[in-house]
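If you read the protein sequences in the order shown, they are chains A and B.
To convert, note that position 141 of the first sequence is 141 in this note's numbering; the numbers rise steadily by one, no gaps.
To convert, note that position 62 of the second sequence is 62 in this note's numbering; the numbers rise steadily by one, no gaps.
These are computed hints drawn from the structure, not numbers from a lab.
Note that CB positions come from ideal geometry on N, CA and C, so glycine has one too.
Hints are supplied without guarantee of correctness; some may be wrong.
Listed below are the simulated BS3-like cross-link pairs for lysine-lysine, each with C-alpha atoms no more than 25 Å apart in a straight line [to be verified]: (1) B:Lys49 x A:Lys89; (2) A:Lys139 x A:Lys83; (3) A:Lys188 x A:Lys133; (4) A:Lys89 x B:Lys116; (5) A:Lys188 x B:Lys49; (6) A:Lys131 x A:Lys80; (7) A:Lys139 x A:Lys202; (8) A:Lys111 x B:Lys49; (9) B:Lys62 x A:Lys89.
Short derived list, chain A residues pointing at chain B, Cβ under 7 Å [unchecked claim]: (10) Asp97; (11) Thr99; (12) Gln104; (13) Ala106; (14) Pro185; (15) Ala186; (16) Ala189; (17) Gly192; (18) His193.
If you want the building blocks of each chain, they are given just below.
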Amino acid sequence: MDKILVTFFNNNFSNNKLNKMIMKKMTPAMMRSFAIAFALFTTTGPAMAQSNPSLTDPEVAHVAVVANQIDIGYADIAIKKSKDGEVVKFAETMKRDHTAVIEQAAALAKKLGVTPKDNAVSQKLLADADKTKKSLNGKSGKAFNKAYIDNEVAYHKAVIGAVEGLLIPETDNAELKQLLQNVVPALKAHLGHAEMVQKNYK
Amino acid sequence: MSRSYFFRSLLLIAVLAIGFISCTPTERDNSEEKGAGVPQQQEYTIEIKQMKFIPAEIIVHKGDKITFVNHDLVTHDITDDPGKTWTSSALPADESWSMTVTQSSNYYCTLHPTMKGKIAVE
Numbered sequence: 001m002d003k004i005l006v007t008f009f010n011n012n013f014s015n016n017k018l019n020k021m022i023m024k025k026m027t028p029a030m031m032r033s034f035a036i037a038f039a040l041f042t043t044t045g046p047a048m049a050q051s052n053p054s055l056t057d058p059e060v061a062h063v064a065v066v067a068n069q070i071d072i073g074y075a076d077i078a079i080k081k082s083k084d085g086e087v088v089k090f091a092e093t094m095k096r097d098h099t100a101v102i103e104q105a106a107a108l109a110k111k112l113g114v115t116p117k118d119n120a121v122s123q124k125l126l127a128d129a130d131k132t133k134k135s136l137n138g139k140s141g142k143a144f145n146k147a148y149i150d151n152e153v154a155y156h157k158a159v160i161g162a163v164e165g166l167l168i169p170e171t172d173n174a175e176l177k178q179l180l181q182n183v184v185p186a187l188k189a190h191l192g193h194a195e196m197v198q199k200n201y202k
Numbered sequence: 001m002s003r004s005y006f007f008r009s010l011l012l013i014a015v016l017a018i019g020f021i022s023c024t025p026t027e028r029d030n031s032e033e034k035g036a037g038v039p040q041q042q043e044y045t046i047e048i049k050q051m052k053f054i055p056a057e058i059i060v061h062k063g064d065k066i067t068f069v070n071h072d073l074v075t076h077d078i079t080d081d082p083g084k085t086w087t088s089s090a091l092p093a094d095e096s097w098s099m100t101v102t103q104s105s106n107y108y109c110t111l112h113p114t115m116k117g118k119i120a121v122e
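Using the sequences and the accompanying hints, generate a full structural model.
As structure tokens, this is what we get:
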């Protein structure tokens with residue numbers, strides 16, 4: 001199954017350097033989640049994809065909120081388990097920043113009168129996050145710190161790719177699109193920060 | 001009294017007189033009123049947006065005031081790098097913080113360490 005997914009990603013995401021980096025670091029679980037997300041946008045055919053996106057704006061909003069909630073969940077585990085000051089500080093920043101993004105998304109949804117709608121992509125992301133959380137909870141000490149920060153690097157690469165390559169192009173509402181665009185620099189700063197911390201665990 | 005001695009004395013008196021006139025209180029008071037020789041405090045703004053300090057480098061004079069305005073979605077801070085001799089503390093979204101420059105500094109956001117800036121005093 002994973003070989004099929006690798007082939008799928010090579011065929012669809014290998015056109016730029018960032019996505020090649022994503023491929024290198026992405027776990028099989030992440031690969032499956034974002035493969036499903038990508039498939040939902042593309043397998044309905046070009047005409048359908050252009051006139052009827054597979055995810056509506058309320059569904060895009062839900063995916064965005066869930067993606068932020070997942071990283072807050074990882075941060076909560078790190079804050080509880082890690083004794084490394086740099087790891088804890090990074091996790092606190094993730095919790096603070098992703099909470100701020102959710103608050104912005106909630107405020108925008110309220111303003112637009114839109115209720116984020118649950119969907120298959122959100123459910124898949126949550127299911128895979130549960131597996132990752134179980135794996136993290138099963139580790140301790142240096143092994144935990146390495147697993148957490150490696151996951152943060154891979155997760156942010158995957159989310160940046162999904163937001164830039166999937167969610168933003170498929171969003172119709174200008175304000176929701178702008179919010180997603182505003183979040184990308186923060187995600188990239190998080191990635192840079194995670195890579196700085198990761199150097200301590202090479 | 002020789003003629004040359006007379007002229008040297010006259011020249012010395014003239015020089016002393018010019019120096020005295022140029023240092024009268026009236027002149028000094030006028031200079032202070034006009035601000036001549038005393039640089040006025042300039043005010044600058046550095047915007048924080050898209051996870052960057054804009055401009056990232058700024059050249060100012062000692063005593064100038066810099067105001068940082070956070071336009072991002074997330075909280076930042078502005079902290080001396082590497083000594084941490086000064087910091088804004090947490091600066092939430094849409095808030096600002098001002099400082100009076102005393103010396104050149106590199107600075108960064110401790111919450112997002114990839115964000116860096118530089119203040120150069122000339």
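We went through each hint and held it up to the structure:
1. For the given pair, lysine 49 (chain B) sits about 22 Å from lysine 89 (chain A) by alpha-carbon distance, which is consistent with the 25 Å threshold.
2. Under the criterion of a C-alpha separation no larger than 25 Å, the hint pairing lysine 139 (chain A) with lysine 83 (chain A) is consistent with the structure, at around 13 Å.
3. Distance hint between lysine 188 (chain A) and lysine 133 (chain A) is fulfilled; the C-alpha atoms sit about 23 Å from each other, no more than 25 Å.
4. A threshold of 25 Å between alpha carbons decides the hint, and for lysine 89 (chain A) with lysine 116 (chain B) the separation of about 18 Å falls inside it, so the pair holds.
5. Only pairs whose Cα atoms come within 25 Å are accepted, and lysine 188 (chain A) paired with lysine 49 (chain B) is accepted, the gap being roughly 13 Å.
6. Our distance criterion of 25 Å between C-alpha atoms is met by lysine 131 (chain A) and lysine 80 (chain A), whose separation comes to about 18 Å.
7. As the CA atoms of lysine 139 (chain A) and lysine 202 (chain A) are separated by approximately 17 Å, the hinted pair is consistent with the 25 Å bound.
8. For the given pair, lysine 111 (chain A) sits about 23 Å from lysine 49 (chain B) by alpha-carbon distance, which is consistent with the 25 Å threshold.
9. Between the alpha carbons of lysine 62 (chain B) and lysine 89 (chain A) the distance comes to roughly 34 Å, so the proposed pair goes past 25 Å and is violated.
10. Checking aspartate 97 (chain A) against chain B: minimum C-beta separation of about 4 Å stays under 7 Å; hint holds.
11. With a cut of 7 Å, the hint placing threonine 99 (chain A) at the interface with chain B is violated, because the nearest CB-to-CB distance is about 9 Å.
12. A distance limit of 7 Å between C-beta atoms decides the matter here; for glutamine 104 (chain A) the minimum to chain B is near 5 Å, and the interface restraint holds.
13. Here the hint on alanine 106 (chain A) is broken, as its CB sits about 13 Å from the closest CB of chain B, past 7 Å.
14. The criterion of a C-beta within 7 Å of any C-beta in chain B is met by proline 185 (chain A), whose closest approach is roughly 4 Å, and the hint holds.
15. At its closest, the beta carbon of alanine 186 (chain A) sits 6 Å from a beta carbon of chain B; the interface hint therefore holds under the 7 Å criterion.
16. Because the smallest distance between the Cβ of alanine 189 (chain A) and any Cβ of chain B comes to about 4 Å, under 7 Å, the interface hint for this residue holds.
17. The closest approach between the C-beta of glycine 192 (chain A) and any C-beta of chain B is roughly 4 Å, which is under the 7 Å cut-off, so the hint is satisfied.
18. The criterion of a C-beta within 7 Å of any C-beta in chain B is met by histidine 193 (chain A), whose closest approach is roughly 6 Å, and the hint holds.
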